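Number of protein chains: 4
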Amino acid sequence: MTQRAETLGVAVIGTGKMGADHVRRIQEVTSGARVTAVVDVDAERAKMVAARVDGCTAYTDPAAAMAAADVHAVLVASPGPAHEAALLTAFEHDLPVLCEKPLTPDAASALRILEAERKLGHRRVQVGFMRRYDAEYMKLKSLLETGQLGRPLMLHNRHRNVASAPGWTSEMLINDSVTHEMDVTRWLLGHEITAVTVLTPTPSDNAPDGIRDPQFVIFETDGGAIVDVEIYVNCGFGYQVQAEAVCERGTARIGDGHAMVTHAAGRWGGIIAQDFVERFADAYDREVQAWVDATRRGEVTGPSVWDGYAVAAVCEAGVRALEEGVRVEVELVERPALYQ
Amino acid sequence: MTQRAETLGVAVIGTGKMGADHVRRIQEVTSGARVTAVVDVDAERAKMVAARVDGCTAYTDPAAAMAAADVHAVLVASPGPAHEAALLTAFEHDLPVLCEKPLTPDAASALRILEAERKLGHRRVQVGFMRRYDAEYMKLKSLLETGQLGRPLMLHNRHRNVASAPGWTSEMLINDSVTHEMDVTRWLLGHEITAVTVLTPTPSDNAPDGIRDPQFVIFETDGGAIVDVEIYVNCGFGYQVQAEAVCERGTARIGDGHAMVTHAAGRWGGIIAQDFVERFADAYDREVQAWVDATRRGEVTGPSVWDGYAVAAVCEAGVRALEEGVRVEVELVERPALYQ
Amino acid sequence: MTQRAETLGVAVIGTGKMGADHVRRIQEVTSGARVTAVVDVDAERAKMVAARVDGCTAYTDPAAAMAAADVHAVLVASPGPAHEAALLTAFEHDLPVLCEKPLTPDAASALRILEAERKLGHRRVQVGFMRRYDAEYMKLKSLLETGQLGRPLMLHNRHRNVASAPGWTSEMLINDSVTHEMDVTRWLLGHEITAVTVLTPTPSDNAPDGIRDPQFVIFETDGGAIVDVEIYVNCGFGYQVQAEAVCERGTARIGDGHAMVTHAAGRWGGIIAQDFVERFADAYDREVQAWVDATRRGEVTGPSVWDGYAVAAVCEAGVRALEEGVRVEVELVERPALYQ
Amino acid sequence: MTQRAETLGVAVIGTGKMGADHVRRIQEVTSGARVTAVVDVDAERAKMVAARVDGCTAYTDPAAAMAAADVHAVLVASPGPAHEAALLTAFEHDLPVLCEKPLTPDAASALRILEAERKLGHRRVQVGFMRRYDAEYMKLKSLLETGQLGRPLMLHNRHRNVASAPGWTSEMLINDSVTHEMDVTRWLLGHEITAVTVLTPTPSDNAPDGIRDPQFVIFETDGGAIVDVEIYVNCGFGYQVQAEAVCERGTARIGDGHAMVTHAAGRWGGIIAQDFVERFADAYDREVQAWVDATRRGEVTGPSVWDGYAVAAVCEAGVRALEEGVRVEVELVERPALYQ
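So the protein sequences, as listed, match chains A, B, C and D.
By our numbering, the letter at position 90 of the first sequence is numbered 90, and the numbering carries on one by one without gaps.
By our numbering, the letter at position 247 of the second sequence is numbered 247, and the numbering carries on one by one without gaps.
By our numbering, the letter at position 296 of the third sequence is numbered 296, and the numbering carries on one by one without gaps.
By our numbering, the letter at position 337 of the fourth sequence is numbered 337, and the numbering carries on one by one without gaps.
Note that these hints are calculated values from the structure, not bench results.
The structure presented is a predicted model; accordingly, all values stated were derived computationally and were not measured.
Treat each hint with caution, since some may be false.
Simulated crosslink set (BS3-like; lysine-lysine; CA at most 25 Å straight-line) [unchecked claim]:
no., chain 1, residue 1, chain 2, residue 2
1, D, Lys139, C, Lys139
2, C, Lys101, C, Lys17
3, D, Lys139, D, Lys101
4, B, Lys119, B, Lys101
5, A, Lys17, A, Lys101
6, A, Lys139, B, Lys119
My request is simple: use the sequences and hints to build the entire structure.
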């Protein structure tokens, strides 16, 4: 426990479902921060959200918000295509940023952000891969780091959603869902992903017409591990995220979620979470608190722009692997010293 | 989400292990509050804790702290015998209080607090029965309230600690440990406890000389339920709190704590928490946040002085049941309208 | 593996549900035995069962069956009140017997059998406490015998049935159901039960009028252990038998029955067995095979007449404890040398 | 229950570890059969085994044993290369056979057996894929057959051994271990396997020099399912066989093996079986009993020569996939009417 500086004033860019939830989180759950600005191209929505928060100003222009004296840090929760501009503006003001995933929509734009931050000369951005803040993933990571089970050889992942939103495409299973496993793989194993293969069974009758759901995605890594991901976004029965690391001398599995066990009507068992909010609420809270705490200490921690870029590159390989039905190698630029 | 009033200034009375942890919690985890005063009869310790917090004053006299302009609420974490005086002083200043358990050391003093708050005419005290804020207990409570399993008939509880602190007595298993199950029984079932029986097996070799550990404690309730508690404070292997409600049409069990499952060295399974901090950290966080939120809304929620008094009365019956080896009935005064 | 003598000819006395199932078991599942005689006061039923088995004769008189040259051993599955006569006849022919529980309906008659076998000078009877042959109970017993968890201090038991048969009384919960836990307690712990207390919550709405169901039964043992049994014979949702031994340095639990885990419709979990046949089929098979094997080796193993008598004595104490609402001590005769 | 014919006389061919265990099984566990002949090229070993069984003759020549009057059925437990000759001899005597896996060492020889049985005009052979007789696999099969979870889309398998025997090669992981998952896949899903891919992470330090262990094997099926198998034969910590079927509306998992749960020394959990004998003892018992029962009824049930042939063909594709690092398609002859 060290003495703290003054309360952190945060500008939240984007007031959709995710942004509004972050406003609530910072105001009601997070220690040491408050929302001093909200930004949305929809001026009415920005005003409505700002009106609920004492001392919060509504903006339509991110640059204007970032220039305000009571804004010390920026949380980017706008749609992916708007991230690049917002990040570059933040760099101009040298403001710390928590940027929701994806960093940007593709590897080329991610690379531009990487270059811009490199020129700035110090890290400013934490990317919102919030699974790294989930208590179970953190336990798994800690266990792997002790080395007591030996080297990780395989990582089996399950990722299931009740139903996909309208308008989902087969590619979005890779770009919006499996991105989490891409980050988790890199973070848990400390490896880069070098190749992707995507296999698709006959689609489930639950899948909307034309959507290849579920998919079975396989990563190879530069540390010699094999990683598989079952992604099934229309499973109908619940939201489940499970991971099992198979190491030389043992395995470790998370995500069973067995809090309360009931016995009734001829069955034992429990309830399955129905969405990511329920499953990962604590992880979001911990992520934002960690970002606020680090920012107030003058530090940048958490997933970096390099992580955001690497995942974008794996996504592009994954989508090609899905479309062409072949194994696709991942190509990455050399890792800059800033991210070593 | 509603607009919030200014940050709550909290005086923390008592800066021992529990008090110091609450100071850390309010400063680093809790939204909307900060510690403006710490009080300890040990002036040096108070100063040391205050020095780590921006804008926090050290006191040795609780009354002086409560009179300060930047103190809006009080968290009592001093030893049990000091609670009565602190609570009465808080009533004089009409300050909201979060009082760590026990409310006071016995039923007679608890009754005096009850009377004082009743005269005040409104509730000011939330008693620190923090299990009510544990996510699993909350799920169990919600399930029971739906009525889908029918009426609860029995409640089986397990409560195990690695080792008792030096100086523990057989009575402290009832007064310091089983108090939690007394509160949980009353809260989960909505019943008052009417009789207590305590059975003791041959003590474990782990138990310090002369301590009857484990004990098997049985409650009868005015709702016709039978409740059993295994309390074993020197089990050596971990800290475990489990509860199984047996209802007419099913059962529900919490506390298995099966987050990460490993397979290694011929065994599957996981780690058992080693203390209550690990097991109930989230519950403490949630409890203090709930108290801060309610206080800022001008409300008093959570366990009441009546709950503190009722548990004190059950404790007295429990200790007699242990000492005399017989079933002892619990006697309660009539419940005042304030606590209906 | 040793060379085996000729196939054992078994007379099955009683061809009700249990007897008929044993006939099937010996013919189809058991190695080294066949049914050469069936006995029933209902001549038609005996003939019908015999007709399905090659070389099997139907009798109405147990003595006639036991005198037949092709009868080498007797399995008694007639109603409890008929056991005493059957056992005494078997003693006259010095035939080995597997006698279904209860040995006899009360302690006095059990004592007469004890005396008769003692006069015979060697054990002839194995009592049908088949839980001793259940794989999970056997594992628990083995673990306790290693001593690695230390001395057992408590044993928590759950015993639930879907529904009681027509005509059940409150006493039958003790005499027909809890008898299993009486035997299991004595066998697992190696203690005799010295006192019984029975507590009854407000009966479940599932219980037939006038039946006190569930009950909470507490044993004290001469080894200083406390044992509790939840017996709930109209729980509606399944058949469950669970036991948790709490030892000085750890606990061990059996009976969760988690073979196949499904995830569907918002729930994870599995199926609960609906009756004892499903739960204990393997135990019955193993029990009869063990009896056949021992008999062919000229030995008598398994639960003895002393075990049958001791359980009958505990039952009588239990029924008094239920009726009078008090703790009742168990009185046993001195244990004869034959059963040491 | 139907009346049974006389006891089945069985010739056991091969008296190694597996054969000797089957002799013990038939003599001590199986109802309705006895071993009347044992055959081994090692005459001493055959005599030694025969000497322990009443009425059992030792042979060195399978044909001589099969010609004996007291031999009604044959259990082939000799090494794989000897199977073809033994099976053809059994066909000459038109004897029912239980043939341990593999049916024969390769697809070409399996095809010759297929052709020979087809000429015989009726099925005589049950292949020893004993997982079909495991209680948990049987439950999973039953559940899938109800269709209540919808169509199976994926099947995730784990297959782990403590250590490989001396002399194991990378190919044997496919040919000796994954064969079980090949059969299970075909049986559970009712699909044929159409392609195999094998991925290998950097070998575990546990793996003997030059052995690629673990491997990750992927099947595609003619029913549009994707099946993955983790095979890890030097995991060091236990023997584990798990399967998870992912269907359209839910999943089902077997193999967790959670019979007894202990809490001790800071950990909860249980013991992992150390070999297949422990894990599948009941399956072997059930398999042999099912074969004896069917044979006495004059029927042939269980895995057929077609199943043995199909698995051999998948093995050949799997070994090529491993060696060449590519996806290999499986080629099967047309399925004869006898096996429809």
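### Query
Straight-line Cα separation of Lys139 (chain A) and Lys119 (chain B) no greater than 25 Å?
violated (51 Å)
### Message
Run the distance test for Lys119 (chain B) versus Lys101 (chain B): straight-line Cα separation, threshold 25 Å.
### Response
Satisfied, since the Cα-Cα distance of roughly 22 Å is no more than 25 Å.
### Holds or violated: Lys139 (chain D) to Lys101 (chain D), with C-alpha atoms at most 25 Å apart
holds (23 Å)
### Message
Check the hint pairing Lys139 (chain D) with Lys139 (chain C) against an upper bound of 25 Å on the C-alpha distance.
### Response
holds (23 Å)
### Message
Check the hint pairing Lys17 (chain A) with Lys101 (chain A) against an upper bound of 25 Å on the C-alpha distance.
### Response
holds (14 Å)
### Task
Verify the proposed pairing of Lys101 (chain C) with Lys17 (chain C), using a straight-line Cα cut of 25 Å.
OK: Lys101 (chain C) and Lys17 (chain C) at ~14 Å, within 25 Å.
The structure does not agree with numbered hint 6 stated previously, though it agrees with all others.
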